[in-house]
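Please arrange chain B on chain A, whose structure you already have, making use of the hints.
Protein chains in written order, with the numbering used here: chain A, 5 to 239; chain B, 5 to 239.
To be clear, the hints were calculated from the coordinates, so they are not data collected in a lab.
Keep in mind that a hint or two might mislead.
Identical chains blur together in the list; that is why a pair holds if it fits in one copy or across any two.
Claimed, not checked - Derived lysine to any residue pairs resembling SDA-like cross-links, with alpha carbons at most 25 Å apart:
#1 51 <-> 154
#2 51 <-> 34
#3 51 <-> 19
#4 51 <-> 217
2 protein chains.
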Amino acid sequence: MTELRIFPVAGIGEIRPDDDLAQIIADAAEQAATPLADGDCLVVTQKIVSKAEGRLVAVDHDDLGARAALVEAESARIVRRRGDLIISETRHGFVCANAGIDLSNVELGYAALLPLDPDFSAHRIRQRLGQRGLRVAVIISDTFGRPWRTGVTDVAIGVSGLVAVLDLRGTADAQGRILQVTEVCLADEVASAAELVMGKALGHPAAVVRGLDPSFFGDGRAADIVRPPAEDLFR
Amino acid sequence: MTELRIFPVAGIGEIRPDDDLAQIIADAAEQAATPLADGDCLVVTQKIVSKAEGRLVAVDHDDLGARAALVEAESARIVRRRGDLIISETRHGFVCANAGIDLSNVELGYAALLPLDPDFSAHRIRQRLGQRGLRVAVIISDTFGRPWRTGVTDVAIGVSGLVAVLDLRGTADAQGRILQVTEVCLADEVASAAELVMGKALGHPAAVVRGLDPSFFGDGRAADIVRPPAEDLFR
Numbered sequence: 005m006t007e008l009r010i011f012p013v014a015g016i017g018e019i020r021p022d023d024d025l026a027q028i029i030a031d032a033a034e035q036a037a038t039p040l041a042d043g044d045c046l047v048v049t050q051k052i053v054s055k056a057e058g059r060l061v062a063v064d065h066d067d068l069g070a071r072a073a074l075v076e077a078e079s080a081r082i083v084r085r086r087g088d089l090i091i092s093e094t095r096h097g098f099v100c101a102n103a104g105i106d107l108s109n110v111e112l113g114y115a116a117l118l119p120l121d122p123d124f125s126a127h128r129i130r131q132r133l134g135q136r137g138l139r140v141a142v143i144i145s146d147t148f149g150r151p152w153r154t155g156v157t158d159v160a161i162g163v164s165g166l167v168a169v170l171d172l173r174g175t176a177d178a179q180g181r182i183l184q185v186t187e188v189c190l191a192d193e194v195a196s197a198a199e200l201v202m203g204k205a206l207g208h209p210a211a212v213v214r215g216l217d218p219s220f221f222g223d224g225r226a227a228d229i230v231r232p233p234a235e236d237l238f239r
Numbered sequence: 005m006t007e008l009r010i011f012p013v014a015g016i017g018e019i020r021p022d023d024d025l026a027q028i029i030a031d032a033a034e035q036a037a038t039p040l041a042d043g044d045c046l047v048v049t050q051k052i053v054s055k056a057e058g059r060l061v062a063v064d065h066d067d068l069g070a071r072a073a074l075v076e077a078e079s080a081r082i083v084r085r086r087g088d089l090i091i092s093e094t095r096h097g098f099v100c101a102n103a104g105i106d107l108s109n110v111e112l113g114y115a116a117l118l119p120l121d122p123d124f125s126a127h128r129i130r131q132r133l134g135q136r137g138l139r140v141a142v143i144i145s146d147t148f149g150r151p152w153r154t155g156v157t158d159v160a161i162g163v164s165g166l167v168a169v170l171d172l173r174g175t176a177d178a179q180g181r182i183l184q185v186t187e188v189c190l191a192d193e194v195a196s197a198a199e200l201v202m203g204k205a206l207g208h209p210a211a212v213v214r215g216l217d218p219s220f221f222g223d224g225r226a227a228d229i230v231r232p233p234a235e236d237l238f239r
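Isolated chain A, as found in the complex (with noise of 0.2 Å):
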């Protein structure tokens, strides 16, 4: 039977700029004697992939006026503005809060930026792991709000070795007629899934899910998970 395992990668420590990020968690991850497994898709939250990559940056978290500059500056296009909130594309084409910039568990007078490319990030990671044998897929998350629900749920920022979007097109119900919904984002379901046990307080920033199907391994990256303007009904 399908059945995912999830669990947290417990044990990772405070992580700092050129921390070797793959080895880190793959040692936590043998040493809380859950170690990781070919097959499985290890889910990295964005803040320690931010500070392994030194994309850090000082700001004082009381100035709104600077706070709201560097959103500007990590921002293609400003979406959407009311009071100190910034709903704004980044350069990656996320429409997100804050252009994705982060204070919260990050050293203090400090944000974190979105990495620069996180489907790099994902693939140099997954390429560490396969130095060590490992054939895992993984996946960058963040955290994003989105319009007309309440709350956030994590989504895929980064992805290397899994289809982000499986694509049905073709593919017939139970009763052979073709599925009306046609494109499934498995990476941000992934990523929702992970959360679950990672959690915003608990301080897991890794997570492992075990028993993904076998079809949903392959070539996908986050870039296939932001929409083409063109077909944006909401730009």
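Chain B in isolation, oriented as in the chain A frame:
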């Protein structure tokens, strides 16, 4: 260690109006040697809930005008329209394509409308399972698209026994600072996680999520997830 286990409920047959969904699902889970247990969250797709509740209407699938009229009748407000695609707000406050009306996996010549009150649908299933001595949470899930991101993900349209939106206001991060992100939509994350084992074409209309943190159980509703108009930047 925290570990989630997620598996489909196999062997649920075709559902017909007035079927007792709770009994059918619990029986199927027992026969598949994966019985429901206290502390589980049962995720049930909207489609079989709509079928059991007789929310089926006759529609000529090829008559696009009749389909559009049906969508309009089920909508409180049209949000966007392009070609045959209508994005609208349902009477429940959900914003989705075609007012959530479903043509796949429904008998030819029929469409499945959303349940009239999906929170009550979830509550009723949970109550029936309670009569069997089972203390579980129930989510009714549906498949929604979203702006800016390609592909659909499953979300919660009905909730009983689970905190739909986890309020972290006042929670501190690892550095002792108050978290930026204050509300997490647990119910949508659980629905997305469950979709990974149900699949659009696999035909498993229910799944079990086992191992959720005890603090996630409580008195939530999917109505909690509908963002109040005054707070919504994208109405």
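Going through the hints against the structure:
no.: 1; hint: 51 <-> 154; verdict: both (23 Å within a copy, 24 Å between copies)
no.: 2; hint: 51 <-> 34; verdict: within (22 Å within a copy, 42 Å between copies)
no.: 3; hint: 51 <-> 19; verdict: within (9 Å within a copy, 45 Å between copies)
no.: 4; hint: 51 <-> 217; verdict: between (28 Å within a copy, 23 Å between copies)
Violated hints are absent here; each numbered hint is respected by the structure.
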